[in-house]
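Letter by letter, the chains look like this.
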Amino acid sequence: MSDTHALTVTFVRDTMLPPAPPPVGERGAVKWMRENLFSTPLNIALTVVGLLAVYALVTAALPWWLNSVWNAGSLSECRQIVAASAGEGATGACWAMIRERWHQFLFGFYPPSQYWRPVLALGLLAAALAPVLFAGQKRNLTIVLGSVAVYLLVTLYLAATPAGAFALSIAVILGMIGLAQVQPGRLLWFTLLYPALCFWLLWGGSIWSPVVVMAGFALLYGVFRLASPVIGLAPGAAAGILVAVLWWLYLDIPTARALQQALPFGLQSVNSDQFGGFLLAIVIGVTGITFSLPIGILLALGRQSDMLIVKTLSVGFIEFIRGVPLITLLFTASLLLQYFLPPGTTFDIILRVIILVTFFAAAYLAEVIRGGLAALPRGQYEAADALGLDYWRAQRLIILPQALKVSIPAIVSTFIGLFKDTTLVAFVGLMDPLKGVTQIVRADINWKGIYWEPYIFVGAIFFIICFGMSRYSMYLEQKLKTDHR
Amino acid sequence: MADAAKMQITDEVAIQITGMNKWYGQFHVLRDINMTVNRGERIVICGPSGSGKSTLIRCINRLEEHQQGQIIVDGTELTNDLKNIDKVRSEVGMVFQHFNLFPHLTILENCTLAPIWVRKVPKKEAEETAMHFLRKVKIPEQAHKYPGQLSGGQQQRVAIARSLCMKPRIMLFDEPTSALDPEMIKEVLDTMIQLAEEGMTMLCVTHEMGFAQAVANRVIFMDQGQIVEQNEPREFFNNPQSDRTKLFLSQILGH
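Protein sequences, first through last, are from chains X and P.
Residue numbering for the first sequence follows the working numbering, beginning at 13 and increasing consecutively.
Residue numbering for the second sequence follows the working numbering, beginning at 214 and increasing consecutively.
For the record, the hints were derived by calculation from the structure and aren't laboratory data.
It is possible that some hints are incorrect.
[As the list claims (entries may be wrong)] 20 Å max Cα-Cα, derived SDA-like pairs, lysine to any residue:
no. : chain 1 : residue 1 : chain 2 : residue 2
1   : X       : LYS493    : P       : ILE329
2   : P       : LYS300    : X       : LEU320
3   : P       : LYS300    : X       : ASP397
4   : P       : LYS337    : P       : LYS349
5   : P       : LYS380    : P       : ILE329
6   : P       : LYS296    : X       : VAL242
[Said to hold, decoys possible] Pairwise CB distance ranges (calculated):
no. : chain 1 : residue 1 : chain 2 : residue 2 : range
7   : P       : LYS337    : X       : THR344    : 51 to 57 Å
8   : X       : PHE439    : P       : GLN239    : 53 to 59 Å
9   : X       : PRO337    : P       : HIS420    : 57 to 63 Å
10  : X       : ARG151    : P       : ILE222    : 55 to 61 Å
11  : X       : TYR233    : P       : GLY412    : 43 to 49 Å
12  : P       : ALA392    : X       : THR52     : 44 to 50 Å
13  : P       : ARG348    : X       : ARG151    : 32 to 38 Å
14  : P       : LYS337    : X       : LYS493    : 48 to 54 Å
Note that the coordinates shown come from a computational prediction; the quantities given were computed from them, not determined experimentally.
Glycine is no exception: its CB is placed at the ideal position from the N, C-alpha and C atoms.
Let's have the full structure, built from the sequences with the hints guiding it.
Structure, rendered in structure tokens:
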């Protein structure tokens, strides 16, 4: 009875109580454990079972990890080393296999003297993606491009790159870092040129073939710009496409050949069947991701279109592709497509696989994006219409930015799925990292019987890449969040 | 009270609707609508819900299609010709019940988007115009916020500014205050009154009878898809002719 009087009814507080810390059971780790681990008898039982399970797993797996062997020439040598160091009957991982064969996991049968080419292509891929992924953010752009520069310096040196190529690559990336400080928007030109550059770096051959193919696009754009003011947008685009297709069909190869004779310059050619491992997975995955998004958007818009033919074609395409397993499509790519093409045409197997993987992902994306479109209130369409925006502008400026934002998690899921599905190309004889390369390694008499290690190694790399995509999508969602709910 | 002297009504016809009919499937929403709006007129359209008043003004910028009759806006007839539709839409501003601001763009970007892409105004000039109108609706300080950070009344004023940035010759208001709290209604109505005083041709679907009495030069009462009665506001409120109007007015003014 300090400040109240027992017998009076009226009460006035004259001293304020200072805040006191909560009792021990209500704070910190104790509280957390009480609430989360031991709140009910069932919870206590589950906690105990869980701890036992963790204990069992750790005791089973830990020695295997701890006894890892990195230096050995074969699996039996690995086992001898483990037995010698940890006693008879002990288990141990044999990472020596990875040490000896890592290049096959990364490059397949790509000629070792040319490893600098995929290595350079990967670095430049990051440089080409950066302006898209971090549009207008000077700081992030500089960080990414700077990391690419460091990566290229190290890896190109390790891969024994010819001096000219080394110097040129470093000069390009330093130039991009400089440009990022002044006009980051201009970096997108590099992104546009990158596909041709990458193709040439990876497959080699004359430099003129990709240049001449890109000239077709330049021609398309030129005709469109010249013709559209005279004959209108759609006919202008049609004329541009027509001219470009004629160029590719009839003039492309002769022009490239003539240029190559006049100014021979090129890299050693590498055949598609020499591609393998993560080189193959990334080539298929990145190309598929890049092209499936625009195709998916067009299909989603097509499905919502008022035009009967466009709508029917979109629905038919989406439903057919989604209704068929990817492996069926891959078999189609590897076997059936040859029957439909004129005899004698060689249509690269990787290219065929890329096309079908892209279609497959595009069909899924179309449905994902349709969900995003459906989530938009009708008022957004009406407001865009009421301001006099035409269909394409309304889609590009109002509808798609919002619909795509809503669909980011699902879009990235589809991308991750696509990337992991690239391992299915093993079924059409391509050397994917998971089955293709592992099978080759395990067929070697030295490594026969090795089981966990290659899968863990490949799985870890897949995880790093997929986890990276997932984190980027979360960053993007956060960045685009404007609703302040 | 608005300054009547400033509110000049001219003889120039802004909107001409003749014999217009519209159906939703089997349902006959708009029946034989005939009306002429002169430049500078401020018309309030009222009526019970489902009477077709929103549909009527949405036909004027072709958010809804009519099946029969003729609508001529600023000398352009609304047909299926997309060019004509876009032309009319860029001349006719519209303000919606639920604001319909673009949530992924800032207030300023909301206001400059259409001038830049439809009118091809240079970005800098568009931003100056936008700031001018944002000052006019009294929220220039919010220009760099996103719509989600603004109150309903502020959002609706931005929506009005966004329409004004296209320098429209006619403004349509589709129940602009129905989704707002009472104290926010006033700030939006003040903006609309100010607009009326500057001589804007306005068609306004609203239940704000005070607003109708203050600025409208004509009130149109609709029921079951038809124009039941139209008159200048004083006569309309004090001396309604049809029984349907009397009933409506007694319900809406009764409390």
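Enumerated hints in conflict with the structure, sorted upward | 1, 2 and 14
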